[in-house]
Amino acid sequence: MEKEIVLSVKNLNVKFKLRGRALHAIRDISLDVYKGESLAIVGESGSGKSVFTKAFMGLLDKNGYIESGEILYKGQNLAAFKTEREWQSIRGREIAMVLQDPMTSLNPLKTIGAQIGEAIQLHQGLKGKDLKAAVLEILRDVGITEPERRYKQYPHEFSGGMRQRVVIAIGIACRPRTLICDEPTTALDVTIQAQILELLKSLKKKYQLTTLYITHDLGVVANVADRIAVMYAGDIVEIGSCEEIFYDPRHPYTWALLSSLPQLGVKGEELYTIKGTPPNLFQTIKGDAYAPRNPRALKIDFVERPPYFEVSPTHRVRSWLMDSRAPKVDPPEHIKKLRSQGGIYR
Amino acid sequence: MIRYLAKRLARSVITLIIIISIVFLLLRLMPIEGYFQNYDKLTKGQIHTGIVNMGLDKPIPVQLKNFFIQLLHGNLGVSRIYRANVPITEILAGKVPISLTLGGISLILSLVLGIPLGTLMARFKGKFWDRFGTAFIVFIQAVPAAVYYLFIQVFGYEYLGFSMLFKKGDFTTWILPIISLALGNIAYYSMWLRRYMVDESNKDYVKLAVAKGVSSKDIMMKHVFRNAVVPMIQYLPSSFLNTVIGSIYVESLYSIPGMGGLLVDVVKRQDNTMVQAMVILFACVGILGLILGDILMTILDPRISFNKKGGAR
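Going line by line, the protein sequences match chains V and S.
For the first sequence, counting from 1, position 205 maps to 931 in my numbering; every step adds exactly one.
For the second sequence, counting from 1, position 196 maps to 203 in my numbering; every step adds exactly one.
No lab work stands behind these hints: they were computed from the structure.
A quick note: this is a predicted structure, and the numbers were derived from the prediction, not measured.
Take these hints with a grain of salt, some might be off.
As the list claims (entries may be wrong) - DSS-like, lysine-lysine: derived pairs with alpha carbons at most 25 Å apart:
id	chain 1	residue 1	chain 2	residue 2
1	S	210	V	808
2	S	224	V	853
3	V	788	S	134
4	S	229	V	855
5	S	214	V	788
6	S	210	S	224
7	S	132	V	788
8	S	229	V	858
9	V	808	S	224
10	S	210	V	743
To be verified - Pulled from the structure, derived: some chain V residues nowhere near chain S, Cβ distances all over 10 Å:
id	residue
11	770
12	803
13	866
14	942
A virtual CB, placed ideally from N, CA and C, is assigned to each residue, including glycine.
If we strip away everything but chain S, and leave its shape as in the complex, we get (with noise of 0.2 Å):
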C-alpha cells in the first residue's frame, strides 16, 4: 500500500508540475497591465523599472524557474492589483478558513442530515418518507437554488431574528448561510444513497441474509449500508476540499469574506499573479481529494487492491 501510495503521489507531483508550467506560460502570454495597479498613470521608464524589478524581462525558463523556486519556498508571489504588494498567501490565509469552514460544517450537517433521511427512504421504499424524502429532493433540484437561498434569508431574519449579515465572532450569524449551503447537499446525498441502497436490497446477498434469520434492520444497516456508500465515499473527500473555493451566492447574500467568487473577480480585474496562484490552488484541491477518495474506496472495499492490476473478479 505504501509503495502504491508513493508512486501515486509521485505522478500526482507531476500532474502538478505540467499544469504550473502551463498556467505560468499562459499567463505570460497576458498584456503586461496586469502587473500594475494604475498603468495608463505610469510612464515608459516606470514600467520598464518595474518590470525589472518583478524579473518580467528575463527569459521565459528563467522565469518559470525562478517562479518554481519560489513556489518550493511556500511563496505564491505577490498581488498585484487585487490587493497591491500585498502577499497572496496572506490573502488566502484570510480568506480559506472562512470557506472551509462553513463549507465543512454545512458538509457535516448534509451529511448527518442525508444519509439518515436516504436509508430511511430505502427502507420504507414508497412508504412516507421515501415519498417526504422525494418531494424535499424534487423541490430542491426543481427551485433555483438563489430563490430559496433568498426565501431562507429574509425568513430568518424576520421571523426568527436572525443577523443578515455575518460576522465572524458571532456563531449565529453562522446559521443561515450553513443551512442554505447544506440544502442542496442533504438532497444529493439523499438521493444517491437511496438509489444505491435500493439497488444494494435487492441483490442474492441480502436474500441470503434474510434467510438466515437476519432482522431487515440489520440487513439494512450492516449489510446494504456499507455496500451502498462505497461509491459515494469517493467524492467526499473532493466535495470537502471543494468548499474552499466558496460559494459566490451565499458568500456575497450575507457578506462573508470567504473564497467565493474571488478567482472570478481576479480573472475579470487581471491581476495575472492571483489569478496563477488561484489555479495553482484549485488543482492542488482537485488532484488531493481524488487521491483521498481512491485511499477511502480502498479502505473500505477489500475487492479493490492497491497491488495487483485488475485482480479482483
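Only chain V is shown next, with the shape it has when bound in the complex (with noise of 0.2 Å):
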C-alpha cells in the first residue's frame, strides 16, 4: 500500500548560536511522516529530538536556525518561511502541539473557554454562540465532564491530568492535521498517564490525525506508535516500525537504550546505563556519534560516518555493523530475552 506523505524533512541542519559559537542540534536529517501514522520520536535529553519537532512550527529560540535543508508540508517549504505571517498559517491550523507540563502551560489569568476559544476563533473565525458551542464540544471530545461549569473556570481549579487535557483540546481546537506531543505524560502521575494516552489515541481516530509523540519513555513508544524514530545526538541512528525498534534492534545506541528499561533488569542487579555522556556539539562529529560510547565499535567509526544501510523497506539503521564488511557482532543477552518475552508490552 502506496502511503501518503504528509511532511518530508530533507537533509535538516539546525544550529544555534551561543556566545560567538555555533552548536550543532540537528545535523542533517531526513524523515517521511506518513499520513495517519503515529511516529515517536525517542532519544535521551539533549539528542534534539524536541528542536526537531520545533523547526516544523518556527517555535525554534531565537539563536537558532534552520542552517541547510528541507521541510516540505503540503507543497511549501516550511524551512524558507521567515515572517509570523507565513507561520501562521501553519501554527495551530495545520500543525498543533501539546507542551509537557500542563502545570505552567496554561495562561493562568484566562478562563479554560477564553484559551480554547482564542484558538478557534483565530482559525475558524467563529464568534459568541457559535464560538461556545465549539468549544463546548471540544471540552466534552477530551473527556472534561460538566464543559458549561468548566467553561469558565481558571487553570488553577484543575487538576494536572484535567489540565493536559485542555492543553490537548487546544491543541485539536483548530483541527490541525498532525499533532506534535512533546512529552505529553512526563509530568503527570502514572494513573493519568495511561489516561492521557487513551484519550490521544482516541483523538487521533476521531479526527484523523498525524500524531508525533516525542518522549524518552519507551513504555509510552510501544503504547501508541506505529513506528519508531530513535535519536542520537541530533541524527536519527535507527528508525523503523515498533515491532522492528523492539524485536530486531540493529544499532548499537538503540540496544543501549532498550536494555536501560527497568522491566529487562534482574532483581537485586544494578540497572543498565550507558556509560559515558554524549558528544559536544559544538564540536565536528567524526565518524559515528555513538563510537565513544560503544564498546563494539568498529575502527571505521571513528573515522566516517555510516550512511542508512536498510534492514527492511521501513526499517533504515545508521550503522557500519550492517555492512557486509563488518565483523558478525551479536546484539547483547538483555535484547534477546526482550525478544523471547515478546517485548515490553505486558
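The task is to assemble the complex, starting from two chains supplied on their own in separate frames and drawing on the hints.
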C-alpha cells in the first residue's frame, strides 16, 4: 500500500548560536512522515528530538536557525519561512502542539473557555454562541465532565491531568492535521498517564490526526507508536516499525537504550546504564557519534560517518555493523531476552 | 467578598485606633510650649488658664476619650502655632487638593507614558526601544532629582516661556511641576513593567500560545501584559494616595502651596496638634492604599481568593 507523505524533511541542519559558537543540534536529518501514522521520536535528553519538531512550527529559540535543508509540507518549504504571517498559516491550523507540563502551559489569568476559544476564533473565525458551542464540544471530546461549568473556570481549578486534557483540547481545537506531543505524559503521575495516552489515541482516530510523539519513555512508545525513530546527538540513528525496533533492533545505541529499560533488569542487579556522555555538539563530529560510548565500536566508526543501511523497506539503520564487510556482532543478551519475552508489552 | 471586606475594614479600624492612641499619647509627652504661639511672653497664670481651656489638665484617659469623640465629628482640632487657632481641617482643605491634583495628574501621565514604554522595551528587547528606555531609566535613576528638576525649570522658563512660579488658576504653570513629578515614576513603571513582561514571555503558556498561532502582538497584549501588570497593580492605589504627602522639592521650587514639607515644618515648630493630625492622616492613607491594592489584585488575578486561605496552588 502506497502511503501518502504529509511531511517530508530533507537533509535538515539546525544550529544554535551560543556565545559566538555554533551548536549543531540537528545533523542532516531526513524523514518522511506518513498520513495518519503515529511516529515516536525517542532519545535521551539533549538528543535534539524536541528541537527537531520545533523546527516544523518555527518555534526554535531566537538563537536557533535552520542552516540548510527542507521541510516540505503541502508543497511549501517551511524551512524557508521567515515572517510570522507565514508561520501562522501553519501553527495551530495545520500542525499543533501539546507541551510537556500542563501546570505551566496555560495562562493562569484566562478561563479555560477563553483559551480554547482563542484558538478556534483565530483559525475558524467563529464568534459568540457558535464559538462557545464549539468550545463545549471540544471539552466533551477531551473527556471533561460538566463542560458548561468548566468552561468558566480558571486553570488553577483543574488538576494536572485535567489541565493536560485542556492543553490537548487547545491543540485539536483548530482541527490540525498533525499533532506534535512533546512528552505529553512526563509531568503526570502514572495513573493519569495511561488515561491521557488513551485520550490521544481516540482523538487521533476521531480527527484522523497524524501524531508525532517526542518522548524518552519507551513504555509510552510501545503503547502508542506505529513507527519509532531513535535519535542520538542530533541524528536519527535507527528508524523502523514498532515491532522492528523492539524485536529486531540493529543499532548499538538502540540496544543500549532498550537494555536500560528497568523491566529488563534482573532483581538484585544494578540497572543497565550507558557509559559516558553524549558528544559535544559544538565540535564537528567525526565518524559515528555513538562510537566513543560503544563497547562494540569498529575502527571505521571513528573515521567515517556510517550511511543508512536498509534492513527492510521500513527499517533503516545508520551503523557500520550492517556493512557486509563488518564482523558479525550479536546484540547483547538483554535484547534477545526482550525478543523472547515478547517485548515490553505486558 | 463582602464578608472579607468587612473583616478587613474592621481590622483596619482597630489598627487606626491603636495608631491614633499611640500618637496621641506620645505627643502628650511633648513640652507644653507646643500649645502656645508666644509661650515666652505669657505669665504663669495665662498659661494655666490656656491649659485648662484646652482641656489639657484632665487625666490622660479622659483626654484620649475626648480626642476620639472630636475625631468622630470630623474635627482634627485647632492649630496652635503654625496658624494659631485655625481649624486644622481648614488648613488641610486648602493644601491637600493641590498636592493631590498635581500628584494625580503626574501619576496618570507617568502611567500613560511609562506603560507603553515598558511594553515597547519588553517587545523589542535588545533593540532600539529597549536601549532608549534603558538609557532614560539609568539617567533618571542616576542623576539626583534636584538636578533635573532645576534643569526643567530653567529650560522651561528660558526657552519655552513657562512661568517659574505656580499659579492656581493658570494651567500652563502646572505643566513644569507635573513633568518634574512624573519623570521618576515613568522610569519606575517602565522598568518594572519591562522586567515583569520579559519574565512572563519566557513562560510555557506563551510558547503554547505561539504554537496555537496567536500573533506576537496579541500574545504581548492579551497574555503577557495582563500577567505582568498583576504584581504592579497592588501598589497603584498607594502611589496615588501618597501624592497627598506632596513633594518637598518640587513644591518649594515652584512655590506651590501644597502639602510638601508640611509635616517637617510642623514638627520643627512643635505644633503638637498639627503633628498629631498629619500623622493620623498619613496613617489613614497608608492603610486605605493597602486595602484598595489588595482589592485590585483580587479582581485581576482569579487565583487570589478572598475567602479561602491559601486555596490557589
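Now the hints, each set against the structure:
Note on residue 210(S) and residue 808(V): the hinted pairing holds, with a Cα-Cα distance of about 23 Å set against a maximum of 25 Å. Proposed proximity of residue 224(S) and residue 853(V) is supported: the alpha carbons are some 21 Å apart, at most 25 Å. In summary, the hint linking residue 788(V) to residue 134(S) is supported, as the alpha carbons are separated by about 14 Å, within the 25 Å threshold. About 21 Å separates the Cα atoms of residue 229(S) and residue 855(V), which keeps this hinted pair within 25 Å; it holds.
With a C-alpha separation of about 13 Å, the suggested pair residue 214(S) and residue 788(V) falls inside the 25 Å cut-off, and the hint holds. Simply put, residue 210(S) and residue 224(S) have alpha-carbon atoms about 16 Å apart, close enough for the 25 Å limit, and the pair holds. As the CA atoms of residue 132(S) and residue 788(V) are separated by approximately 12 Å, the hinted pair is consistent with the 25 Å bound. A threshold of 25 Å between alpha carbons decides the hint, and for residue 229(S) with residue 858(V) the separation of about 19 Å falls inside it, so the pair holds.
Proposed proximity of residue 808(V) and residue 224(S) is supported: the alpha carbons are some 17 Å apart, at most 25 Å. The hinted pair formed by residue 210(S) and residue 743(V) meets the criterion: a straight-line CA distance of about 21 Å does not exceed 25 Å. Against the 10 Å criterion, residue 770(V) stays outside the reach of chain S, whose nearest CB is about 22 Å from its own CB. In this structure residue 803(V) is separated from chain S by more than 10 Å, as the shortest Cβ-Cβ distance comes to about 19 Å.
Against chain S, the non-interface label of residue 866(V) holds: every CB pair exceeds 10 Å, the least being about 20 Å. Consistency note on residue 942(V): stated as away from chain S, and its beta-carbon is indeed over 10 Å from all of that chain's, at 19 Å minimum.
The structure is consistent with each of the numbered hints, conforming to all of them.
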